[in-house]
Structures are given as structure tokens and as C-alpha cells.
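Line by line, the protein sequences are chains C and E. Per my numbering, the first sequence runs over residues 8 to 231. Per my numbering, the second sequence runs over residues 1248 to 1491.
In case anyone wonders, no lab produced these hints; they're calculated from the structure. Where a beta carbon is used, it is the ideal one built from N, C-alpha and C, also for glycine. Take the hints with a grain of salt, since some may be wrong.
Now the in silico label distances, taken between C-beta atoms and shown as ranges [stated by the list, open to error]:
(1) E:His1313 x C:Cys169: 29 to 39 Å
(2) E:Glu1252 x C:Lys35: 42 to 52 Å
(3) E:Phe1279 x C:Ser137: 45 to 55 Å
(4) C:Lys81 x E:Ala1338: 22 to 32 Å
(5) E:Lys1440 x C:His33: 12 to 22 Å
(6) C:His33 x E:Ser1273: 22 to 32 Å
(7) E:Phe1279 x C:Arg117: 35 to 45 Å
(8) C:Arg119 x E:Phe1279: 48 to 58 Å
(9) C:Phe173 x E:Arg1332: 24 to 34 Å
(10) E:Glu1476 x C:Leu53: 25 to 35 Å
(11) C:Lys35 x E:Phe1279: 30 to 40 Å
(12) C:Arg109 x E:Thr1439: 51 to 61 Å
(13) E:Phe1279 x C:Thr111: 43 to 53 Å
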Amino acid sequence: GGEQQYVTTGEIIGSETGFLRGHGTHAKDGKLQATVSGFVQRVNKLVSVHALNARYTGEIGDVVVCRVLELGDKRWKLDCNSRQNAVLLLSSVHLPGGVQRRRTLEDQLRMRQFYVEGDLISAEVQNIMSDGAISLHTRSLRYGKLLNGFFLSVPASLIKRCKQHFHTLSSLSIDLILGNNGYIWLQKSAKKHLGKLERIQAEGKRPLGAVAVEEEKGEGGESK
Amino acid sequence: MSKREYISPQGLRIDGRRASEIRRVSSKLGLFSHADGSASIEQGNTKIIASVYGPREAKRRSEALHDRAFVTCEYTTAPFATNERKQRRKADRRLKEISLELKNIFESIISTHLYPRSQISLFVQVLQSDGGDVAAAINACSLALIDAGIPMQDFLTACSVGFLDGVAVLDTNYTEGIGSGPEMTLAVLPKTKAIGYIKMSNKLPIQHLETMIETATEGCIQIYEILKENVKAHSFALLHARGT
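Construct all of the structure, not just a fragment, from the sequences and the given hints.
Below, the structure is given as C-alpha cells:
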């Protein structure tokens, strides 16, 4: 990041012609002006400026950790460190038993049995509404209420997007959920979450061919 | 009653400055971890802190606007800020007026159309008052908004200017401010030098108005250059601390 151009609010980045205005910029008198203070990112013709500290802006598919704030009409309102409260619709919640059915009035009345104000849940972003509000879903078994653990909050810009947001620190037997919104959850791993290699070693058996495979890989690495 | 001399025959003011010199400006960003953005500014002996919460869900649904964010501002003075300890009530009219003025300025500067149905709250507190309070408050708010990553049209900076002994004096302190001359607070957008806020107390002969505004604009640009470097230094320090 040392070679990137840094701009403060109001500084001119360049002329407007031939460039697409991205986040953090606006055009004034044919010139591109920065509206936030940060580093300029140029991707082909798109010029944008990203601030170092900003609230979480959701993208579809992000894993987030949120706290329930209130119950509404067939929905929960959650705090997810974003500009507005996130919404979790009753129809987007995983029903016990894996049943796929229409939500009835009884489901609506039993909403409190799922999540109550103050609960922490992990969920995935399903949709972004036109005003920027995030709509979540917990339609998989890996999402849901989080209990018996430790919650931590960091600036959202520190969490990079990656393939996996559910991690296990096997040497410490800790499960980790790195929410894209900067909310992190830590809990003790259950024994069944141990990786295959660790489990076999724990049982005192050496997996067949494991040593040979490692040596092969090592040689392959060195020859490169 | 002897007339107080604000500018000596050598052209020096009470604190030894020249007419067009600003006081020493220093600022710090990111003071509070729980606020989205925060900053403190010291202009001479005037010390002000500002913090920004937002954009976040509007506390009162009835106030939320469907197409943009609305800004609230609370400007308070600490009881220990002035020479004599004075407990000010929250409903103090002067403080409410300044709060409303700050809200109006920043509501027009911030790109509120990017955050529909949200609320941006500004909290400003004067810790030490030695003149140019509102100007320093505007500077502190600008810094806090930059720290929060909230987009604005430009880096609004403000400066106070007075007219004493026939000379426009820049960045008045408390003694110069309550003197016999007028005190003007001016905020400009540095790129275009467009005026964002202008307020004056007392009377001023009309022929001196342009000089006052020009002097104040110069002061604002000087403060802008200093604050710009501070923001840049803070960002690089933050980036370094994050290990990138």
C-alpha cells in the first residue's frame, strides 16, 4: 500500500474524462474530487477512494455475526455494524427438523422461541435492499444462535473477504467465526470438530502412507 | 477609563502574534474506539473534542428520511472550560443555537444521499475556551467526520477574525474576542474558497467587510494545510499499525 496515492477529502484525483466514478469520489467542474480521505484504487477505468475506517457495507454471500435488537412483524431486526439495522425474515430462518414449509401464524407467535432480543447469531447476507439495508438468512445448519463463547468487535475494514469464515484453531481447540462486519465469535471446539489427521493421531494410530505423502510433497517443493 | 491597546506600535498583539498569524494548531484523530470517528483540536489554548456516531439506524423512526441521512449535533461547554467554573444547562439558548448552526452546515456538506434512513450524530465539547470556539468546533467536526470515513464535499475549515485598532486580526483569542471590535467566524471549502458559514457579532464599517473576509479565508487555508498533513500522518500511522 505504500505506492498507492493517498488523498484527503476535497483533493483532486484527476480529470473526469475517461474515468468511471467509484465510491468516495464525485465530479466537480470536470475533475474528480475525493469525498473521503484514503487510498485511491484504480481498476481499469474505475477510480474509487476507500476510507480506512468505515461502517460495514454488506455484500451478498457475506458471513456476519449479529445481535438481535427487536422483534417485528414476521422479522427480526439485528445490529450488524452497518448503516442500518439488518433484517432477518421469518421465512429465511432454518426451521427445526429441516422441514420446508410455509410459515404459519403459529410460527409467527413462536418467534421468541427462535431468537430473543440480545441473542447473538451467525448468518449469511441474502439480499441488499434498495436503501442499503441488509437482509439475512440462516438457512443452513452452520448458521444460528451462538452460545457459550466470547464476542469481539474490530473495525470492519480489517476483515478481508475469504472463502472460509468459519475456522478452527486445532492446537487450542477453539472455533472462530470471522464475521465480515467486524464482529468475531470464539468458542471452544466440540471434540468432533477435530480434523481427520488430529483425530487419528489422538487415537494413537498412524495413518497409512501419511509419511510417504509428506516426503513426496517436500521433494516436489524443493525441485521447484 | 484607559483604552486597551490590542496592537502595540510594533504591530504585536497581546500574545505576541502579528495581525495575520494564526495560533498553534495541533490535532489528533481516533481518540475514542467506541465512536465511529473522533478528533480533538487545539488552537492556541482553545481545546475542543468532537465525536461522530453514524451513519446508523435512526433512533426515532419518525425523524428518518426516506432518501437521505439526517444529522444531529450537540455542542456543549464543559463547566471547567472558562476562567470561572460555570455549570451550563443543556437547554442553554446560545449552545442550542450553535448546535443548530453546526447541524445545518454539516447536513449540507456531508453526502447524505448515500445513507437513506440513517442518522449521523455529532457531539462536540469545548474543554478549554480561549476564543474562536465555534471555528475550532467546526474544524474538530470535519476531522471527526474524516476519521469516521463519512464522505463530504470538501474539507471544511473555519477561522475567527476580529477588527481591532483599525486592523483585521486573525484567529482572535478570548480577550481580543470580547474587545470593543467585531468578531467574525468564517468557514470555507478550501478548494473553491466558497463560504460555508459566516457569523459576526458587533458592528463593522462596511468598507472593511471584504478585508475581514479575505483575511479569514487566508486563515482557513492555513489551518487546512496543517490539518491535511495531520490527517495524512494519522492515516499512514494507522496503516503501519495494521501491518500493511
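Hints versus structure:
no. : hint                             : verdict
1   : E:His1313 x C:Cys169: 29 to 39 Å : holds, 36 Å
2   : E:Glu1252 x C:Lys35: 42 to 52 Å  : holds, 46 Å
3   : E:Phe1279 x C:Ser137: 45 to 55 Å : violated, 33 Å
4   : C:Lys81 x E:Ala1338: 22 to 32 Å  : violated, 42 Å
5   : E:Lys1440 x C:His33: 12 to 22 Å  : holds, 18 Å
6   : C:His33 x E:Ser1273: 22 to 32 Å  : holds, 30 Å
7   : E:Phe1279 x C:Arg117: 35 to 45 Å : holds, 41 Å
8   : C:Arg119 x E:Phe1279: 48 to 58 Å : violated, 35 Å
9   : C:Phe173 x E:Arg1332: 24 to 34 Å : violated, 56 Å
10  : E:Glu1476 x C:Leu53: 25 to 35 Å  : holds, 29 Å
11  : C:Lys35 x E:Phe1279: 30 to 40 Å  : holds, 32 Å
12  : C:Arg109 x E:Thr1439: 51 to 61 Å : holds, 58 Å
13  : E:Phe1279 x C:Thr111: 43 to 53 Å : holds, 47 Å
Against the hints set out earlier in the document, violations occur for numbers 3, 4, 8 and 9.
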